[in-house]
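Enquirer: The chain contents come next:
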Amino acid sequence: MLYDAIADLPILSPHGHTVPEWFAQDRAFADPAALLIVPDHYVFRLLRSRGVALGDLGVGVDPADRDPRRAFRILAEHWHLFLGTPSRGWLEHTLRHVFGIDDPLGPDTADAIYDRIDAALATDAFRPRALLERFGIEVLATTDSALDDLAPHAAFATLGHRTRLVPTFRPDAVLDPAKPDWAADMERLGGLTGEDTATLAGWRAALRARRAHFRDHGATATDHAIDHLATEWLDDGEAQALLDACLTGRADAGARARLHNHMLIEMAQMSADDGLTMQIHAGSGRNTDRALFERLGPDKGADIPLPQDWVRGADGLLNRVGTEPGLTIVAFTLDESVYARELAPMAGYWPALRLGPPWWFHDSPNGIARYFDRVVETAGYWNLAGFNDDTRALMSIPARHDMWRRAVARHLDAQVARGLFGPADAERIARWLTDGAAREAYRL
Amino acid sequence: MLYDAIADLPILSPHGHTVPEWFAQDRAFADPAALLIVPDHYVFRLLRSRGVALGDLGVGVDPADRDPRRAFRILAEHWHLFLGTPSRGWLEHTLRHVFGIDDPLGPDTADAIYDRIDAALATDAFRPRALLERFGIEVLATTDSALDDLAPHAAFATLGHRTRLVPTFRPDAVLDPAKPDWAADMERLGGLTGEDTATLAGWRAALRARRAHFRDHGATATDHAIDHLATEWLDDGEAQALLDACLTGRADAGARARLHNHMLIEMAQMSADDGLTMQIHAGSGRNTDRALFERLGPDKGADIPLPQDWVRGADGLLNRVGTEPGLTIVAFTLDESVYARELAPMAGYWPALRLGPPWWFHDSPNGIARYFDRVVETAGYWNLAGFNDDTRALMSIPARHDMWRRAVARHLDAQVARGLFGPADAERIARWLTDGAAREAYRL
Amino acid sequence: MLYDAIADLPILSPHGHTVPEWFAQDRAFADPAALLIVPDHYVFRLLRSRGVALGDLGVGVDPADRDPRRAFRILAEHWHLFLGTPSRGWLEHTLRHVFGIDDPLGPDTADAIYDRIDAALATDAFRPRALLERFGIEVLATTDSALDDLAPHAAFATLGHRTRLVPTFRPDAVLDPAKPDWAADMERLGGLTGEDTATLAGWRAALRARRAHFRDHGATATDHAIDHLATEWLDDGEAQALLDACLTGRADAGARARLHNHMLIEMAQMSADDGLTMQIHAGSGRNTDRALFERLGPDKGADIPLPQDWVRGADGLLNRVGTEPGLTIVAFTLDESVYARELAPMAGYWPALRLGPPWWFHDSPNGIARYFDRVVETAGYWNLAGFNDDTRALMSIPARHDMWRRAVARHLDAQVARGLFGPADAERIARWLTDGAAREAYRL
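Chains as they are written, first to last, in numbering that gives the first Met the number 0: chain V, 0 to 443; chain P, 0 to 443; chain U, 0 to 443.
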């Protein structure tokens, strides 16, 4: 069985959103709802879509005022809503393989399962560092503001833990003048680095300094979240003029976007210099429920994908750096129609470009199957960047990697059955997709 | 077998285009061509695409001048053109299960089959009311102009027939200033309701009155056909100014569209009040063959889907009413690329939104398979609205529901085989998709 | 087995890019790299995407300076990059069936395989004309500039060879004012035909003359390569004014595009007159790597598909000529999202329109499977134009047709298994898709 050959490989998690303090401090998780419901927008969004109030789940509620057992009961009562979704697969995997619970979740079992999880969380075996070890996580990347001091990473590094915990340089707040706190964050960036971020040269130097800080703490990659991808190289004079306009509040939306579009290329050039792999996550329309956003803030389940034009959007970037030796750009999309039409042809051409795994809503058995169906024939397997779990749900990391590995095996078994290649090539590809591709794309 | 569990459930047909007079008057259908060819744009468009003249089929021809036997022969001679299409499946099902004809259709059998159908139509067993009963149709919705008196529905209601025949409120003619007869229809609307439709308040009151008239006749839903979906809430002053401009002919296309986009939200708000489920059918580019349209009018097979942007298009609507308790909006698209990218994420978030079944060209075995593949993982099964046959072809209703049920069973059998859930959950989902989902979405 | 019924049918290749001089002159091919690597952008683009320098493969290098054995070794060393791609399938088929080489390609076997191919190429059995015969190619179409004298075709025609070698009229250079040499080529067109191409009437007459020249040399089709499809009929005055502006350099990009958009309809009208089937290849964004284009010119692997709007883009064309008797337009797209949404509904309506096979990146087992999945239910099989190999790689022609035939058989076997039709209909469709459809669409 192909799956058996890859099932137990160590986990490489080069992109995700776990919280570094968890591992630096190693405190127990509070309760089952705080662990499995409150931080998981996959879970609470679907409950909300069928009328469950977020407040009843503890989302947007002060921890002291939450009723975690009630939240868990609500989940159990609505568990049929998750039939057919990857969330159900992940949580079932977590219950069985992390907590050893084989009973099916439902109204009748909710309390008993809650109690078992709650009891487990109080034990040392379920503290964050123990879980990293139990899960066989070799590398775990967090995603961190460019202004972060990375103290938790530094603290964790002194422990000699088997897992390598690495930060990821996420500069959106100081790169995109459209961000609400951009001007203030630019001042903080200047303060942190002793550079004058009101000049293009100073801004560049400050960004380089922060990248070096991240590299010193183990970072191997940057990450950029972009609603609508566009890139254009500007000469220094025009870029400085736009910077001036943005800093003095005279720039309109178009001018702000142009400066950001230019700075993405600057980031790619710095990546070519310092070796940090550049990740681009494009096409999520954020916070589409404005009332909810104003009440509870971002990441509450109302982010909806938007169509993307990767050919035109990445044109300025790729024509500037697409053949740069030593540069790796990993592209993630939520618009599957671009897999076969744009991203696979582009990844099969530009040396710098790798195609990231199916992202977010598409990180699912059918989503992965569609991805392989659409990209492999044009880009091959060796222009893919392997798997990212991209999660803030620590417990689900083994489940997500297992779902990927099963999907890889299912895809390759079918390719062998159709006669495209033999079992030896299939195993080589399976190992590449599980291990080698991520290791190479992220320089692990 | 999962299929067996749902094959004989009563038919719920909450959206379609049969003619209410058929059931009120219960006259025999004229002849096989008038029944199976002339009203079915699926059939005559494909014949036309291979050079058959519509006139030879009786389409656009005065009934007195038609040669129905000749039309039926033409269909039989070209029957191979339909290989692989759902139309072929529906008609084969109709011949076998409605008329008891097992011989394959072809040039050699055309006359004999014609004669058998023709003879059957002359019998009481093939009158409209008898067919409703034979087909096991529990609910049948028609689609009706907002100005309709609904007399056939009232007449049918007095009969005590087992089938519940319900109208659907379709206000496009009095809601969209771009419709050619809008101004005249607004006057008729005012006349019918005694309201001054030249004022926003009067227009609203008139629409509410007509909705009440429809509800009094059993309606549970409204329907909106929209080429290009866009929605924006306007304050009363701006809406009234646009209404003035539209009524006096001073409004350009953009102004007319803005008023319509606003009124869609007004309709949704009225639905939240009166409980009529709101259906949105978006993305059909109507009458793309302009010469044919001028000669024969609409619905002649030249409607071609257009790309849709549901995220931006429904933004104004959903931010206004997307969490309104008691409101159900059912979204239908002809642009499959939005299933996974937009509609499934949206239906998996907004409480008011349900995803309608694959529509029109996509109401087919592969179309249904792609739909489940793309929407379930993100929206689950419980944000789907079940099945609509959406047909004016009465004879094909059992065939269409049977095709859906077979596709549901095929999908769920595969899910069980992959281990996603067990047979009991599969049967629960199958019953939901066949019965419960439509009953709930349409308040039947 | 369905495949067996079609495996050995003669090859019809009604669209491709082989070089007519090969067949007129019948010289031996130079070496394995000149045959299999240098002209094949599928091959060298993927090698380049993983860092191989094009120069090391001999691409863009003077033949005298190439090292073909080294290029072949590089391919063999990187052969795993092609796992899962159709290129690998085509080359494996070529090695086995054309050269009789069963050893798998790899670093260890590269030299021996190189030597066997090299030796074979020196023999008469591997000269172009012998290969045409061995491959069972009944018709082979080349693609030729409208200004071409077609001398090689004329010379080949005198030989009495079993293969019919036909040119294809490709007028882009003299039809699209955006082409860099358009004005000069218009003068050449005038000179060749004795017409004044500065007048609309003279331009039309010159184009008609060249079409007649092509028809005299056996052409049955035209071909148009279009980045962004748009069509609009202009009256003579407006068209002449645009022609004046374009010839005198006063036209902007929009004006140049409008003239080209109009001339596409003129071409369709000429096709309705002279019976040349009109091919439209729309949606390839050409030469997206501008530095490479400036260094090495076009067709170097950096063409990336663009989204297309066929409904609006072909609106002017189809409303003018879509029901013209005797006209066949074959549409090719690189944007699969339009298969089900636009092209299948359009081909299932307009008598003049046929849907070409999956093109370029989509000419692959999964690409073909997706094509059938998305188009057949709406357009049926009889609105499809069969298969085109569209290749300049002569050796791969049997492999490509074999891949199509296997994909056809796999699709139809599955349809039979699902009960859509029986084996006799399946074989009828298989023969249509392999032979009849191309013969009819291209009037062979």
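Rather than coming from a laboratory, the hints here were simulated on the basis of the structure. A quick note: this is a predicted structure, and the numbers were derived from the prediction, not measured. Backbone N, C-alpha and C fix where the C-beta goes; we use that ideal spot for every residue, glycine too. Wrong hints could be hidden among the right ones.
[Stated by the list, open to error] Going by beta-carbon spacing under 8 Å, a handful of chain V positions derived as facing chain U:
| hint | residue |
| --- | --- |
| 1 | V97 |
| 2 | D101 |
| 3 | S336 |
| 4 | E341 |
| 5 | P344 |
| 6 | A346 |
| 7 | D372 |
| 8 | T377 |
| 9 | W381 |
| 10 | F420 |
Enquirer: Are the hints correct? Go through all of them and say.
Expert: Tested hints:
1. V97: 34 Å, violated
2. D101: 37 Å, violated
3. S336: Since chain U brings a Cβ to about 4 Å from S336(V), closer than 8 Å, the hint holds.
4. E341: This interface hint holds because 6 Å falls under the 8 Å limit.
5. P344: It holds, given that the least Cβ distance between P344(V) and chain U is near 5 Å, below 8 Å.
6. A346: At 7 Å from the nearest chain U Cβ, A346(V) passes the 8 Å test, so the hint holds.
7. D372: This hint holds: D372(V) lies near chain U, its Cβ roughly 5 Å from the closest one there, short of 8 Å.
8. T377: With a closest approach of 5 Å, the T377(V) hint holds.
9. W381: 5 Å, holds
10. F420: With a minimum Cβ separation of about 6 Å from chain U (threshold 8 Å), the hint on F420(V) holds.
Taken one by one, the earlier hints fail for this structure at numbers 1 and 2, listed in ascending order.
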